[in-house]
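Going by my numbering, the first residue of the sequence shown is number 1483, and it counts up by one from there.
Some hints here could point you the wrong way.
Claimed, not checked - Here are the simulated EDC-like pairs of lysine to aspartate or glutamate, each with C-alpha atoms no more than 16 Å apart in a straight line:
no., residue 1, residue 2
1, LYS1755, ASP1771
2, LYS1755, ASP1675
3, LYS1755, GLU1623
4, LYS1646, ASP1692
5, LYS1755, ASP1622
The set of hints was computed from the structure by calculation and includes no laboratory data.
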Amino acid sequence: MITFVLLAAALTVAGVIAVAIPLLRRGTGSTTPTTPAPWAALAATVLLVIGSAMLYVSWSNWPWRAVIPADSPQSMVARLARQLERDPQNLDGWLMLGRSYIALQEYPLALRSFERADRLSGGQNAEALTGEAEALVLTDESELNGRAGRLIERALALAPDSGKALFFGGAVAARRGDLALARARFVKLLGMDPPPNVRPLIEQQITAIDGQLGGGVAPASAASAPQPSAPNPGAVVRVNVQVAPALAAAVDASPLFVFVRDPAHPGPPLAVKRLESRFPQIVSLAPSDSMIPGRAFAPGQSVQVVARIARSGNPVGASGDPLGEVTYQVGRDGLVSLVIDHRMP
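When you get a sec, could you build the whole thing from the sequences and use the hints?
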């Protein structure tokens, strides 16, 4: 657009010169000499400039009144990635890029970004280590028993008060059966005044651990906080998964994944099932379908239920996968229709 405006301005100047110079010259022909006409030249110049501008605005198809759309998250992240190509030693930039890819659910790219930050810090940055672990867990929760678990322990050694590291550290300890350590980490996290939407999740995990310990330890909370109620094992999420007619041709032998997520707290799904792609079918998910011990949905919680046909067979979404989602109130909603009606960008 800028190039076009400059070119139009140059052509307008050329037109002004072509019109004004003859009017400013003194005639020297054989007939009666003419005198310069500066006022006529000025009038012609104003008319040419203003008239051409008004005609362009009237006849142009440029959307002058249209609101210029803001950058999409994807374009902003792509711009940050290009900046880091020019400045590859920017540790904070790689950490920001990793966080951005996590938000966009681009977990392999997030892992690479956090690994780059980890190398730049010489393995001494807790956020980079925790980011690596989170990207691994969001791709495959079994990583809590492997590399992700080791990364979290290193992060806690560097930053024992890191909220995210404590959360994943509690899950790591619970998976390996060290319930006392898991409880201690969740209790410490609870004492760090987490956001109101996160506190019930932590209390729920502590309650679940206390149940496994046989009730020998009182549920943790702030000294003045009331006793958190245990999750209702009968609370279920029930959806009738269907496919929109426009996407019916996309149904094949690929598996169907149905997830329950907490929209206010990104992280591993609260529950997940892998099923055959046959439609319609009624799917029920319970707290027992959780990916991480102690991290499950509870009555009264507002969750998002996602159904995705995974053409690659991988639970991590890929561009083009048929997808549908619906909001669900646990304990209040009954059977809700969930229609797969669009594709992942």
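Hints that the structure is at odds with (numbers, increasing): 2, 4
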